[in-house]
Amino acid sequence: MTAYMIRRLLQFVPTLLGVVLLVFMLFNWIGGDPAYLLAGKMSNPEQIENIRRQLGVDQPYYVQLWIFITQVVTGDFGVSWATNEKVSTIFATRLGPSLTVLLPMLIVGTLLSMVMALLVAYRRGSLTDRAIMIGCTVGQSISILVYIIVFQYVFAFQLGWFPVQGWGQDFVTNLIKFSALPVLVGVAVSLAPDTRLYRTFFLDEINQDYVRTARAKGMSESRVMGVHVLRNAAIPIVTHVMIQLPALLAGAFLIERFFSIPGIGREVLLAVERSDFPVIKAVTVYVALATLIFNLLADILYKAVDPRVQLK
Amino acid sequence: MTLVRVFTAILLAATLAACGERASPPVVSDGADSKAGKVLRLTFQVAETGFDPVKVSDYYSGLVISAIFDSLLTYDYLARPAKLKPNIATALPRITDDGKTYTLTLQQGVYFTPDPAFKGLPHNRRELIAADYVYSIKRFLDPKNRSPYAFLFEGKIVGLDKLAEAAKKSGRFDYDAVVAGLEAPDRYTLRIRLTEADFNFSHVLAFSLVGAVAREAIEAYGDDTNAHPVGTGPYRLQRYMPSSKIVLEKNPGVRDMFWHAEPGDNAADLQIATRMEGKKLPQIDRVEISVMDEAQSRWLAFQRRETDIEYQLEELAPKFMTMDGKLKPEYAGQGIRMERSVDAEIIYLFFNTQEKIGDKPNPLGGFTPEKIALRRAVAMAYNIEDQIKIIRKGQAIRAYYPIPPGVAGHEPQYRNSIAYDPRLANALLDKFGYRRSADGYRQQPDGKYLILKYYSSPSERDRQFDELMKRSLDAIGVRVEIHKDRFAELIKLANQCRLMMKHATWIADYPDGDNFMQLLYGPNTGQTNSACYRSSAFDARYEKSRRMPDSAQRNQLYREMTRQMEVDTAWLLTDSRYRNVLLQPYVIGYKKSAVNAAEWMYMDIGAKEPR
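Here the protein sequences come in this chain order: A and B.
So the first sequence is numbered by the working numbering: it starts at 142 and just counts up by one.
So the second sequence is numbered by the working numbering: it starts at 825 and just counts up by one.
Hints were generated in silico from the structure; no laboratory data involved.
Hints may be right or wrong, so weigh each one.
Sample of chain B residues lacking proximity to chain A, with all beta carbon distances greater than 12 angstroms (derived) [unchecked claim]: (1) 1085; (2) 1125; (3) 1196; (4) 1343; (5) 1346; (6) 1350; (7) 1364.
Label pairs and their computed distance ranges (CB to CB) [as the list claims (entries may be wrong)]: (8) B:1207 - A:318: 44 to 52 angstroms; (9) A:299 - B:1376: 54 to 62 angstroms; (10) A:207 - B:1207: 46 to 54 angstroms; (11) B:1213 - A:204: 50 to 58 angstroms.
Note that beta-carbon positions come from the ideal geometry of N, C-alpha and C, so glycine has one too.
With the hints as extra help, turn the sequences into a complete structure.
Okay, here's the thing in structure tokens:
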């Protein structure tokens, strides 16, 4: 196990290098010159040069790339070009709000999807199965934007069950009051595709010989489904959840924007709008790193879920 | 069970992370604290960037800065066009030496808000003195600050540029060095000597970013001055979560100020004056600002009274406004009010007037009759009414003059000599030899292929401009190619005179015509003169106008300059946008500021009655 982990950790290095190179090339060749954005409405070439010098974008590419690599190694990405706020502070203060929304969203969404998937898999071919699958197909076809706008209008504005938007100071208020509707939206969005996906995982297991054997031995249906099928289907479900995690962190920007949640996704969008390279660099590297770590964690979890799995 | 343990661990980690947020100082409460007194809740549609006056240039940061810092002069709250009045200065500046020397006397007994930066002083605060303005102005030219508004002082104050040059060489700006043109002969007197006569420099002194900062605070907070504004204004920053929440509270040590303004001859102004005259300022104890990027969220939050003012809902205007620009009866019936004004801005289509773009000939550039005819034809073919009706959804007025309403020098009666007339535009092109080829599109008079390039950014709004441009030019048989680029690149290309044709917007920095007419001044090519327009007739008049105060003579020069620009057709003026501000029934005293300054200190909140 230790050797496996060391080997996997070593594989992080070339992957991260690839990410660094890709981000660097994309920003320098596609991104605009930030000096012109920061210079304000009336700037002369001398001022532009002064800004470029201070940002370090006047340096040769290899020097800039080396600085980027040093930043990845030290974890110090400097300050935001737009606001002068330390990038580390940006992440430290935006991570909490993001996780306050995303984790309940992920947990509730995953549990609900699993229950529904298990139910429809058990009743495969029945009217319930077909109705839920049709509902899932329709639900999956609707854009997240529609979910947000409709839920915000109906549940917050018309019914007044939740605030339209906002964010508070203490964790409980944020979780109960301000996160409830965004979590509901997130769950509604993920429910349809996840249910369909997990249903296939369960169906794969239901048709296995060991299930038939368990039933032949007289085991109750609840034990067959709740223990044997669920446990064996857990491996692909864990993989799916783990892979989603890092992308969710930066990918929930629409929810964060509409509900004014000061999270990472919203910050990423702002950074892109402002050509704020230090923040873009940091978020890309962090998301890549998180993806690698969660993949590794998923592999380790396989072993915990199913002792037959050998990590080599 | 293992999975449950993993989820529990993750949830615990999230809880800890979220609790970490609570521990960090820059976070904000969600609102209604009964002890807070009168609370005004509003939204910004774009995130601020910070509150160090020399480091920011965005509108929303400027609003907060204007509430925290004090400039020497300000503008009357109600008077239009904007009228200067003293703020920290006891009177308007004494202008001597033929417009070259400005002398101001400061009020005594004005203090910076208490801050740890003033440790050792009684109550951790210090009195504002003239040397603070000397320091604050110097900061604009410190290369380390890379101030977007350095141009306000560049080349204007005797000796200041020399100091900036020395700083560029040494890498350190010497704030202790004496600058001949920037003196504080005593604690409360500030004397500014300009390199040349400028009767309009008072507008710079009234600019909201030219407020006084304390050197102790700037040095104490180092690179984090954007998050630690320490000023003398009516409000101070209580809590701050960047790009999300800004909470201001009344400065407990604010100097005695009482509401007084000069109302215009209209019912709205008179009503404000009646309700506010003589009140101690500020009346509002706390201002809570939420950054809400999405118009839908802002609109719903306003309707549910989660916010008290909504500054701009251009996209959603048809939802709450009638076609004739009035608030729909269902909202008016709830007591909601709408304040409609025209922003101090112009939007224009500029044509690159240089003969070459890079090393290639520019079919639109030059001042020969056929080139001017082509520019004129494009200007006559472009359908401004469609721009206002379709793209702006009726939320703009036609701009005829380079100086917008509310700005000194504006001419409401002026009519642009270039009218929308595609038929005449076609005739003009025919006359000057732009013949149509077999495909229906025109060639250049010498028979060369004619194609114009229009530049825009890759946004939904700009796509609509692209379509309108294409449709307009198709009507006169001129082929147009749409080029998309990122905003920063477009600025760069404009500064390098490499854009053939593009829409541009200029929002007033200060309400004086000079701020707009400089956009066409030849030497400003490479900076703000995106048309790269060089006309000796225009430039001579502009230089003369700079030495004049706001007057009938200066206005005459502006009219002549505008006509000259039209003759050469460097621009087509299109529109200025309306700002529709929605107010809850209990919000008192709001009038859109004549400049980019916060109105909160002049307003009040009445009793909130249930709907």
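For each hint, the structure was consulted:
no.: 1; hint: 1085; in the structure: holds, 29 angstroms
no.: 2; hint: 1125; in the structure: violated, 4 angstroms
no.: 3; hint: 1196; in the structure: holds, 28 angstroms
no.: 4; hint: 1343; in the structure: violated, 10 angstroms
no.: 5; hint: 1346; in the structure: holds, 15 angstroms
no.: 6; hint: 1350; in the structure: violated, 7 angstroms
no.: 7; hint: 1364; in the structure: holds, 22 angstroms
no.: 8; hint: B:1207 - A:318: 44 to 52 angstroms; in the structure: holds, 49 angstroms
no.: 9; hint: A:299 - B:1376: 54 to 62 angstroms; in the structure: holds, 58 angstroms
no.: 10; hint: A:207 - B:1207: 46 to 54 angstroms; in the structure: holds, 53 angstroms
no.: 11; hint: B:1213 - A:204: 50 to 58 angstroms; in the structure: holds, 52 angstroms
Checked against the numbered hints above, the structure breaks hints 2, 4, 6 and satisfies the rest.
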